[in-house]
Amino acid sequence: MIRNEVFSCFVFYAVLLVVKMYVIAIITGQVRLRKKAFANPEDALRHGGLQFYREDPYVERCRRAHQNDLENILPFLFLGAVYSLIGPSLSVARFHFLVFFICRVLHSVAYLWPLEPPTRSLAYVVAQIPCFSMALQILVSVAAYA
10 MIRNEVFSCF VFYAVLLVVK MYVIAIITGQ VRLRKKAFAN PEDALRHGGL
60 QFYREDPYVE RCRRAHQNDL ENILPFLFLG AVYSLIGPSL SVARFHFLVF
110 FICRVLHSVA YLWPLEPPTR SLAYVVAQIP CFSMALQILV SVAAYA
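To convert, note that position 120 of the sequence shown is 129 in the working numbering; the numbers rise steadily by one, no gaps.
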């Protein structure tokens, strides 16, 4: 049992985000199969021939959504874990984690089902606010030791 309530809260949202990333990866694979657009010639050969070794705009959209998750969720996992260890208020930490999670889900939805601008951009920017806040609080907390 994890005794640090903030860390437990972080782990909850971190696992949800990792599961969300797996879902996006599965969606990407399913779209590849449905559109018959494979990134590797051996996969195309297995599924009908080299003519399916090609790009598809929607497959690329799914792939970019997954890539964007990697670029944003991985730093959050580091920041959130360290932030949990500096002793923040549980309610403030939960708010940071929840805002990031909701925004990343909205970002993925806006990417996969092209929502009207600026939905995706706004979700991205708002998700960066808790990350920036956590980073600043970590730096302030450890500055005396640097």
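Hints listed in this document are in silico derivations from the structure and should not be mistaken for laboratory results. Hints are not guaranteed to be accurate.
[Said to hold, decoys possible] FRET-style restraints, in silico, Cβ to Cβ: (1) Val32 with Leu94: 27 to 35 angstroms; (2) Ile11 with Leu54: 19 to 27 angstroms; (3) Ala90 with Arg63: 26 to 34 angstroms; (4) Val149 with Leu54: 36 to 44 angstroms; (5) Lys45 with Asn13: 43 to 51 angstroms; (6) Ile11 with Glu51: 40 to 48 angstroms; (7) Pro66 with Phe141: 30 to 38 angstroms; (8) Ala48 with Pro123: 20 to 28 angstroms; (9) Arg73 with Arg12: 33 to 41 angstroms; (10) Leu54 with Ala144: 26 to 34 angstroms; (11) Leu131 with Gln60: 14 to 22 angstroms; (12) Leu42 with Gly96: 46 to 54 angstroms.
Even glycine gets a Cβ: it sits at the ideal position worked out from N, Cα and C.
Do the hints match the structure? See the list:
1. The beta-carbon spacing between Val32 and Leu94, approximately 29 angstroms, falls within the hinted interval of 27 to 35 angstroms.
2. In this structure the supplied range 19 to 27 angstroms is violated for Ile11 paired with Leu54, their Cβ-Cβ distance being about 48 angstroms.
3. Take Ala90 and Arg63: their Cβ atoms lie about 40 angstroms apart, and the range 26 to 34 angstroms is violated.
4. Val149 and Leu54 have their C-beta atoms about 56 angstroms apart, which leaves the hinted 36 to 44 angstroms range violated.
5. Distance hint check for Lys45 and Asn13: the Cβ-Cβ separation is about 48 angstroms, which falls inside the suggested range of 43 to 51 angstroms.
6. Checking the proposed 40 to 48 angstroms range against Ile11 and Glu51 shows it holds: the Cβ atoms sit about 43 angstroms from each other.
7. At roughly 33 angstroms, the beta-carbon separation of Pro66 and Phe141 lies within the given 30 to 38 angstroms, and the hint holds.
8. Separation of Ala48 from Pro123 is about 22 angstroms and conforms to the stated range, judged on CB atoms against 20 to 28 angstroms.
9. The hint said 33 to 41 angstroms for the Cβ distance between Arg73 and Arg12, and at roughly 40 angstroms that hint holds.
10. Range check, Leu54 to Ala144: Cβ separation about 47 angstroms, and the 26 to 34 angstroms hint is violated.
11. Our hint of 14 to 22 angstroms for Leu131 and Gln60 is violated, since their Cβ atoms are close to 40 angstroms apart.
12. Between Leu42 and Gly96 the Cβ separation comes to about 48 angstroms, which falls inside the hinted range of 46 to 54 angstroms.
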